[in-house]
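Colleague: Two chains, each in its own frame: build the complex with the hints.
Line by line, the protein sequences give chains A and B.
Letter by letter, the first sequence follows residues 0 to 295 in numbering that gives the first Met the number 0.
Letter by letter, the second sequence follows residues 0 to 774 in numbering that gives the first Met the number 0.
Incorrect hints may appear among the rest.
Examples of chain B residues lying across from chain A (beta carbon under 10 Å, computed) [as the list claims (entries may be wrong)]:
no.: 1; residue: E638
no.: 2; residue: A641
no.: 3; residue: N694
no.: 4; residue: E705
no.: 5; residue: S708
no.: 6; residue: W766
To be clear, the hints were calculated from the coordinates, so they are not data collected in a lab.
None of the values given here were measured: they were computed from a predicted structure.
C-beta atoms are modelled at their ideal positions from N, C-alpha and C, and glycine is treated no differently.
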Amino acid sequence: MFPAQFTYERARSEDEALAALAKYGSDARILAGGQSLIPAMRYRLARPGVLIDINPITAFEYIEERDGYLSVGATARDYAIEMSSPIRSRYQLLAATSKVIADPVVRQTGTLAGSLCHNDPAGDWPVAALAARAQIVVRGVRGTRLVSADDFLVDSFTTAVGDDEMAVEVRFPKPPPLTYGAYHKIERKVGDFATACAGVQLTFDTGGRVAAAGIAIGAVGAKALRVADGEMMMTGYVPTEELIGEVVEVAKRVADPVADNRGSVQYKREMAGVLVGRALRDACRLSGLKGEGASW
Amino acid sequence: MTATLGVPMKRKEDPRFIRGKGRYLDDIVLPNMLYLALVHSPYPHARIKSIDKSAALAVTGVKAVITGEDLNAAKLEWLPTFHGFDKQMVLAFGKVLYQYQEVAGVIAETREAAADAAELVEVEYEPLDPVVDPFESMKDAVILRDDREEKTNHIYHWEVGKRDETDAALAASPVRIKERIVAPRCHPAPLEPCGAIADMNTATGRLTVYLTSQAPHVHRTAFSLVTGIPEDKIHIISPDVGGGFGNKVPVYPGYVVATVASVILGIPVKWVESRTENLTTTGFARDYHMDVELGATTDGKLTALKVSTVADHGAFDAAADPRKYPAGMFGIVTGSYVFPAAFAQVDAYFTNKPPGGIAYRCSFRVTEAAYAIERAMDILASELKMDPVELRSLNFIKNEQFPFATPLGFVYDSGDYETTMRKALSLIGYDDLRKEQAEKRQRGDLMGIGVSTFTEVVGAGPGKHFDILGIKMFDSAEIRIHPTGAGIVRAGTRHQGQGHETTWAQIVGEELGLDPQDLLVEEGDTDTAPYGLGTYASRSTPVAGAALALAARRVREKARKIAAHLLEASEDDVEWKDYKFSLKGVPGKAVTMKEVAFAAYTNPAPDSEPGLEATYYYDPPNMTFPFGTYVAVVDIDRETGAVDVRRFLAVDDCGTIINPMIVEGQVHGGLTEGYAIAFMQEIKYDEAGNNLNTNFTEYLVPTALESPSWETARTVTPSPHHPLGAKGVGESPNVGSPQAFVNAVMDALSPLGVRHIDMPLTREKVWQAIRGATA
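Bound-form chain B, shown alone (with noise of 0.2 Å):
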């Protein structure tokens, strides 16, 4: 037996994926299933005058149409949003607040019946004017809530850090920068949409629900909490997931509706939205508008940050943030640097757009603030005329400064800024190509370097600080090890696409000396798995990678009882060494853990039970702390205002590696996203609330072709807290992407006098920027 901790294993899962053999939501058929079709509006903004369902219900195979008002019949017309400040509508009753919101739905015996009937429901409205801008909707002209007490289209207001410290900073400070920067609305776009299957068996009272969940227990939960049925007659079953991204975390509309009609009509009823409903109706990320302020000395030293937002939450705030943490971890916003001051708030307003503001591959809202700390370090950088990379030095976080408190409420584990960024640039070749941009801009020619120094804030969290309905923010393990030395591992988490089924064997392997190909990890079914908060926030290995290798360790102590039965000596005298139990000081004398686990069936010692199995509900001390430093290097065409982005290196550093084929993977993917954001990505709405991006022509996503070929390395600084020293990877390649490709644009065009466009940094604006700038 050696090490599998470190090794890039091929993953276990991969075949079935590869060759079509995996078992999506859509793979499901149930006998006699039944298929939901919603009706959505085509206003953003209107009130409900009358819904005629009888042309539908005369369709053949049609068996119900449901309206809101039949939900309010039933009081079942809002659902709870996760962090508890608001609930939504699950289907729209008196008025709908954004386009494509879901007004009814029809069930039939096919999925064409459900669509052609579904076309035939006639919904009168009344249209009223639409608010689509936040900065508009802040001046509560028009009310848009009118079932809330408060009469104002404000959400909240949340802010951390001092203020008048932080502004009087700031007035000192001899060089200050202001922007506005926006993170512009956009969308997750798993590439399997979301859906349910809820399937109500009127026997035995027990309704079973598959779903395309990231977070199937505390779904559970909320199926329990919405309906009253009691959790024990709830089963959640997440088949395999195909991405998931934030979007699969909150409750939507059609899971309710899919429930209610099975539990009314007793027959599994189906729901799969198409694209163009996951894009207009499900979780959208980001739509934050930042007032970024620095202060800095004029030799580069940071004296304050300020951050202003405006949060667009559309016409819920069904944002799937912990409870305590409405505007999520932006906090992170000091980035990786020392600030002496800083203060930071964040002001929610209710559009007519679809809810969500859920965490795109992200830790809740830490892509926002590392794109505004690190697009404003570039903007000061420029302003003092630094080098950006010798801005960054100049006030990173040093290493002896770690465990490092942040004036903004964080304790940062552990960091090497410099030693990673340094390692960056070398790999890169920074100064050479310094030169070459010198020498491209005698001539003309726009080429641009971006760097991005991120720090992210990754593995929610402290049950002392985090939780969701109320529920602590841990997570938990099962290991169970069979006679022959295989097992099965079971996770409160739930991949999707991640590639648990190999980490976490690889995990389990190697705490215990077994093969990670005999453990089987299974996730995602509430009635086995033990009760875990999911997969999203970078939470799966900081919080159930620790679970795991806790207990795997119990295990490990219950197995050294019987490796001592065996070897015939006190427990004292065995030594878990080299992956076996060793008798101290005798070589040679040994047993495998494999002899363990079939003598825990056959032959355990006389004062244990049989058997080998152990939990662990990790409750994690701290958050953990990932880093890296990107660097982007782009040519734009003058005339057309194509980017090109010639290299892109990626340098990460997430702790201890668990398998660094999988971090490279999930790095190539965060990346290929960031990129699309940057570049390619937004969900816009134009001033009538008409949302114009509906599917896939008009909302891009990169294929291989335009995406850039990826250059990835790594440093490794181990989380001093998690019992891997494991930091989580798979958000930080798109929380530090997007401001390295835009501080290379920007790069680009400086000399043009060019100081900022908001992502994405589409070729017309490009272009308009150039020829705004020579006209």
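Here chain A stands alone, though its shape is the one from the complex (with noise of 0.2 Å):
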């Protein structure tokens, strides 16, 4: 359980990581909260050359509102967003996902930016990221692009983020009035790779229908994947247990896990579905919000 040799970079500024990623390329990780990259290096299943380590740049920790949208940056810890007032009150879809990151001694070190640039198909982030609308702020020395979640997560372990870039901030948009998310998923035991996720953001409208849906699931495909026909099948409708139960069926259809110690192909893919049912009434119910042939 020995990581294979690298050379060990100290970046206390992010103009130093950036002139270090500049220099070592496709050679380099950047090390963040660590929580994937390290024992992936103990296994020797990542043996990055050179780690650049971000840690020290302080002014990376940040979680603020600001116009229209909550930064998070990239070396807050989850456990940070986990205690974070503005998120507690306003964005309940990352405040139910960040209590469910690992354990408590992992999210007292792992990011969320870490946790999006790992991209790995079981992570809760990127589950959120999606549901939610997030962007990422993605820097190199030739200069910065905002890239939204669905872009920036490319395929399992594979982002949109460039050999000599990194990704500096996270930004969520902030959530309408009447916006209530939830968050839920199997695992066999904390800390676990997620069975199956499932995060839901919806906004409603006066009325109780449904004015915006974030529906994503995770652990069930190469990446977390959006149920972006099952976000259509919400807007503008009332939610009601019939409109939920063809939403899961959706889901299932999206997802497309592989077997492994955590189940088949057939209970990951039913679980995919249960879990958004469960997330979406979660929604519903704490919307308080009952619209003509709302079922709860």
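Modeller: The following block contains the structure:
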């Protein structure tokens, strides 16, 4: 359980980190919380030649609301997100997700931006990022790009970040009034990779109709998957048990899992549906809105 | 001075464990120490065509690379297994027989260099077809062990009881059930993995080995037998041990390679395995495939039990059982019940899996047996449409039948099964739970209640039956009281967290009227501790605990002479009462043990030798038979198959209790393991022989979050033959609990017609059963 040899670069500023990236390119990996990267290195599944440690960059630790969105810096810890009062009061999906990531020890160190950059197919933050329609600020010596979560999360362990770039911030649009969210996952024990997980965020109008829907599932595909047809089916309608049942069926069709110790293809697909249903019902219940035809 | 026996004294060892001041194997650093890393086979079955060491030897800091051929040349290629039926390769030569088998060892100046170089040892393999399933192995289509004279994969047949009588009784029984019940392969997974530091002093010719060992004295003998080094020149030190559960009983290849390397190089060599190495190569547990048959009358009286087991022992038969018991104490399978006829047989086979079959927190195959009978009793109850509790009650061995000779060869020492069960049912509110269940079933909710009324057999064992490597399974104690009345207590056992440093001090304190806080307990150093067989199989309190009490009584007999001298009386007039020596009939005329101890060194009786110490080697006259009733209450989520263990109550009877807090701690730990075995843990192999559970991401150890909240209670039925009446408790919760969980889940699923699901009861297995039944 000893990593292969690597060079360690300590970045004390964003400029230093970007300069190191420009120098080492694809041979380098950014070290943020390290909760996925370091175990992978110890198993020698990951063998970066250079680690660029951005933990000394305290300027990256922020979580703050700006004009119309919430900004989470590259080294803001999951624990800080869990404890953040704006998130607890206004970002229900993020709050629910932050509570079930790995275990409290991992959350002390792990980061949201790092989780997105790692893009594990069973990761929690990619699911929440899709459902909450996050954008990621990607920066390199050649400039800054704003990338949607859908474009950012390319494939298993692959993102839109170039070899000489890094993700410096994750932005979540500020939820309009009457927005509710929930996150559900099945794990065999605390800290396990999810067997299946689902995140939803629903914005209602005053009549109890869904004005905007974000629905995503994880651990049931090569990456986190948006249930786009389900989002469309809900938009403009009062959620009923029947409508949720239909969205559940869509989610099961979107799911494309592989079998492993956590379950068969059939089980994981079914669970993706069960969890989408539970998360949608949670969001509806939280809203307290009962439009005509609502079944709670 | 007041009683110290039965007092919930805080554990003397805990401050150092809790505050990081323990001294575990990996805390030990010797001057100039080198590090060993092992190279493992990626194939479960392959011929080794060649091994190229050159790239590994070229890594900076690498001192040596050792292969099986090298050991072969030194005639150290095999190591004996404990019960003596088989031997085990140290490093593979010719063939590898399981995935992750040790193929070579790299010795280097740093751990990192050793790990880097281990990757560079180039082994050329010719893959062979693996045999993964014991039911395939028994066909002998591929013979795995070409080193053996017997050209078969069959290792042994063992049987006990009367086959013909049992078959006839079953045939004549109006009600019969038969079920294939599997105790799947699992692993004890102690938090501290195994390791060794071998330190050969070339000047003195003395080999010191620091070892994660549950049985350091037996290991010294084994090391001497393997290496030919005289036993006086071997010093084994088992430092603080972070859990064992049977996993630290066998001798492992890493120990031998580190020792060989130190002997050759004359420099200390450390080997500490990784979690993956622990899970993939060291002693596994269970892997018993049991066909269980029960016969009964229509009103539920048991008539016969027959169990036929296929055991998967992996590539070498390294089960650490006593020599005469290849299937351990599996004869305990008649459990707490009277059977007019019974028969059990076990056939063991080699497969391309790692060796083991060790007792995982049980006294050699007792958990498998207890699981089989307690599951079968529930299946029979369901067949008879009887309450499983009433079926048990009807067939319990009654109090007046003790000592009770079972048809499978044990003589149970004592028991009071009905009282213990009734206490459990009353505490859990059994009748109300059944009412609630009936209401819930009306609504379609899946709620289950599972009971296990187990009996186990521990305390191996009487010398006339039990030995390891020919050494009788006694244990020992040595007590030395210093002039101030403090003392040192040594035993042949070696705790791994069980609390001996407190329990042993309490036993000696009680017998001698001394403060346990002033009695230092020391175990694990073969230069100082008396020879004993070690700590496993819940044998410490039944065997070493008895030795301690009897050694203390020897000290007391000597002390009586000194007391008589101090009281200026004849020995016959001195009595031991209220933790003091008193002059009979003369109130107030008494001396304490502290005073006697001082006199033993300053003013001994004229006719006695100075000093105050004694030794006792205890050969138990019988095993002890702890028992209990465990009750689990579960609710099942139909949509996901998730099982919520709403309540779990363990009522244990382990005879006289020395420290109730330690007993409760042992029960909590064992129940958590039992929960894991029932719901989470299995070492699985795919068809190609790949291990699918090689780390803690895939082999699950529950945390406080998953673990149910444990409720505990006790009854006390002392063992008639143990000097204190104690029976041992460490293993009861692991032996007794898996079937309570499984019985509860099956009870919940019974309205759907589900009869049995093999452990672990994962969400998916439960979900598939629900889905299958409702489709």
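Colleague: Next step is simple, just say for each hint if it's right about the structure.
Modeller: Do the hints match the structure? See the list:
1. Satisfaction of the interface hint for E638(B) is found here, the shortest Cβ-Cβ separation to chain A being roughly 5 Å, below the 10 Å cut-off.
2. Taking 10 Å as the C-beta contact cut-off toward chain A, the hint placing A641(B) at the interface holds, the least distance being around 8 Å.
3. For N694(B), the shortest C-beta to C-beta distance to chain A is roughly 8 Å, which falls under 10 Å, so the interface hint holds.
4. A hinted interface residue such as E705(B) counts as satisfied when its beta carbon comes closer than 10 Å to some beta carbon of chain A; here the least separation is about 5 Å, so the hint holds.
5. For the restraint placing S708(B) at the interface with chain A, the shortest Cβ-Cβ distance is roughly 16 Å, beyond the 10 Å limit, so the hint is violated.
6. The beta carbon of W766(B) is positioned within 10 Å of a beta carbon in chain A (closest approach about 6 Å), and the interface hint is therefore held.
Violated hint: 5 only; the structure is consistent with all others.
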